[in-house]
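Colleague: Position chain B against the provided structure of chain A, taking the given hints into account.
As a plain string of letters, each chain reads:
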Amino acid sequence: DQQVKQNSPSLSVQEGRISILNCDYTNSMFDYFLWYKKYPAEGPTFLISISSIKDKNEDGRFTVFLNKSAKHLSLHIVPSQPGDSAVYFCAASVQGAQKLVFGQGTRLTINP
Amino acid sequence: NAGVTQTPKFRVLKTGQSMTLLCAQDMNHEYMYWYRQDPGMGLRLIHYSVGEGTTAKGEVPDGYNVSRLKKQNFLLGLESAAPSQTSVYFCAHSQGTEAFFGQGTRLTVV
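Line order of the protein sequences matches chains A and B.
Going by our numbering, the first residue of the first sequence is number -5, and it counts up by one from there.
Going by our numbering, the first residue of the second sequence is number 122, and it counts up by one from there.
Heads up, a few of these hints could be off.
Over 12 angstroms on every C-beta distance to chain B, these chain A residues come out as not near it, computed from the model [unchecked claim]:
{"no.": "1", "residue": "Q(-3)"}
{"no.": "2", "residue": "Q0"}
{"no.": "3", "residue": "S22"}
{"no.": "4", "residue": "F24"}
{"no.": "5", "residue": "E36"}
{"no.": "6", "residue": "G37"}
{"no.": "7", "residue": "D49"}
{"no.": "8", "residue": "E52"}
{"no.": "9", "residue": "R55"}
{"no.": "10", "residue": "A91"}
Examples of chain A residues toward chain B, derived with CB under 8 angstroms [unchecked claim]:
{"no.": "11", "residue": "Q8"}
{"no.": "12", "residue": "L28"}
{"no.": "13", "residue": "G77"}
{"no.": "14", "residue": "F83"}
{"no.": "15", "residue": "F96"}
{"no.": "16", "residue": "G97"}
Dumping the calculated BS3-like pairs for lysine-lysine here, alpha-carbon to alpha-carbon at most 30 angstroms [said to hold, decoys possible]:
{"no.": "17", "chain 1": "B", "residue 1": "K191", "chain 2": "B", "residue 2": "K130"}
{"no.": "18", "chain 1": "A", "residue 1": "K93", "chain 2": "B", "residue 2": "K192"}
{"no.": "19", "chain 1": "A", "residue 1": "K62", "chain 2": "B", "residue 2": "K178"}
{"no.": "20", "chain 1": "A", "residue 1": "K93", "chain 2": "B", "residue 2": "K178"}
{"no.": "21", "chain 1": "B", "residue 1": "K178", "chain 2": "A", "residue 2": "K65"}
{"no.": "22", "chain 1": "A", "residue 1": "K50", "chain 2": "B", "residue 2": "K135"}
{"no.": "23", "chain 1": "A", "residue 1": "K(-1)", "chain 2": "B", "residue 2": "K130"}
{"no.": "24", "chain 1": "A", "residue 1": "K(-1)", "chain 2": "B", "residue 2": "K178"}
{"no.": "25", "chain 1": "A", "residue 1": "K32", "chain 2": "B", "residue 2": "K178"}
{"no.": "26", "chain 1": "A", "residue 1": "K48", "chain 2": "B", "residue 2": "K130"}
{"no.": "27", "chain 1": "A", "residue 1": "K62", "chain 2": "A", "residue 2": "K48"}
{"no.": "28", "chain 1": "A", "residue 1": "K32", "chain 2": "B", "residue 2": "K135"}
{"no.": "29", "chain 1": "A", "residue 1": "K48", "chain 2": "B", "residue 2": "K191"}
{"no.": "30", "chain 1": "A", "residue 1": "K62", "chain 2": "B", "residue 2": "K130"}
{"no.": "31", "chain 1": "A", "residue 1": "K93", "chain 2": "B", "residue 2": "K130"}
No lab work stands behind these hints, which were simulated from the structure alone.
All C-beta atoms, glycine included, are put in the ideal place defined by N, C-alpha and C.
With the rest of the complex left out, here is chain A:
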């Protein structure tokens, strides 16, 4: 049973536009959510996180939104840059960054 789902395997966005990546979860016990970025042949690197007591968190070009009632979170990247082309994973956990449960990933391609 997939507790964290990313239903879009891939997304293509024009450079300078907004990229929106989506993630759904089923376990209501999750209270901490993270986004990771992964380049080929490298390990995932942390991007941004959000606690369930918030509904939005910003860090530069990256904003994560959390809708607890819908069990949905999204990552917005504005403006999108070619270096943002990578696979993005959302992850969820109970009580901080422990035992992260990952989604399947979304491959983002930024076109010039």
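Modeller: For chain B alone, kept in the frame of chain A given last:
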């Protein structure tokens, strides 16, 4: 390297062979993890440890064993490798708000 080193980076095994993957972290974190990544499956937790001398099963533990004899090291063992264990393995460590991942070990079992 996010304070974590995985060895080896690549390995090809024959079915039935055994091997150990080593993860070493230099950030003195309590929590350590082994994940595997397969196409379309994301990262799945194999085993984890909440401190020196402790280990626990994750989502997909069958066919693997682990040990955490020293706080900085977390070993993943395959006693009798199977083709289904062909994957990319990631070690991670955490203490609070984010987990730090190694660069991965690409394992092929033929």
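Colleague: Hint by hint, say whether it matches the structure.
Modeller: Checked hints:
no.: 1; hint: Q(-3); result: violated, 10 angstroms
no.: 2; hint: Q0; result: violated, 8 angstroms
no.: 3; hint: S22; result: holds, 19 angstroms
no.: 4; hint: F24; result: holds, 14 angstroms
no.: 5; hint: E36; result: violated, 6 angstroms
no.: 6; hint: G37; result: violated, 4 angstroms
no.: 7; hint: D49; result: holds, 18 angstroms
no.: 8; hint: E52; result: holds, 16 angstroms
no.: 9; hint: R55; result: holds, 18 angstroms
no.: 10; hint: A91; result: violated, 4 angstroms
no.: 11; hint: Q8; result: violated, 26 angstroms
no.: 12; hint: L28; result: holds, 7 angstroms
no.: 13; hint: G77; result: violated, 19 angstroms
no.: 14; hint: F83; result: holds, 6 angstroms
no.: 15; hint: F96; result: holds, 4 angstroms
no.: 16; hint: G97; result: holds, 5 angstroms
no.: 17; hint: B/K191 x B/K130; result: holds, 22 angstroms
no.: 18; hint: A/K93 x B/K192; result: holds, 17 angstroms
no.: 19; hint: A/K62 x B/K178; result: holds, 28 angstroms
no.: 20; hint: A/K93 x B/K178; result: holds, 11 angstroms
no.: 21; hint: B/K178 x A/K65; result: holds, 26 angstroms
no.: 22; hint: A/K50 x B/K135; result: violated, 49 angstroms
no.: 23; hint: A/K(-1) x B/K130; result: holds, 29 angstroms
no.: 24; hint: A/K(-1) x B/K178; result: holds, 22 angstroms
no.: 25; hint: A/K32 x B/K178; result: holds, 25 angstroms
no.: 26; hint: A/K48 x B/K130; result: violated, 39 angstroms
no.: 27; hint: A/K62 x A/K48; result: holds, 9 angstroms
no.: 28; hint: A/K32 x B/K135; result: holds, 29 angstroms
no.: 29; hint: A/K48 x B/K191; result: violated, 37 angstroms
no.: 30; hint: A/K62 x B/K130; result: violated, 39 angstroms
no.: 31; hint: A/K93 x B/K130; result: holds, 23 angstroms
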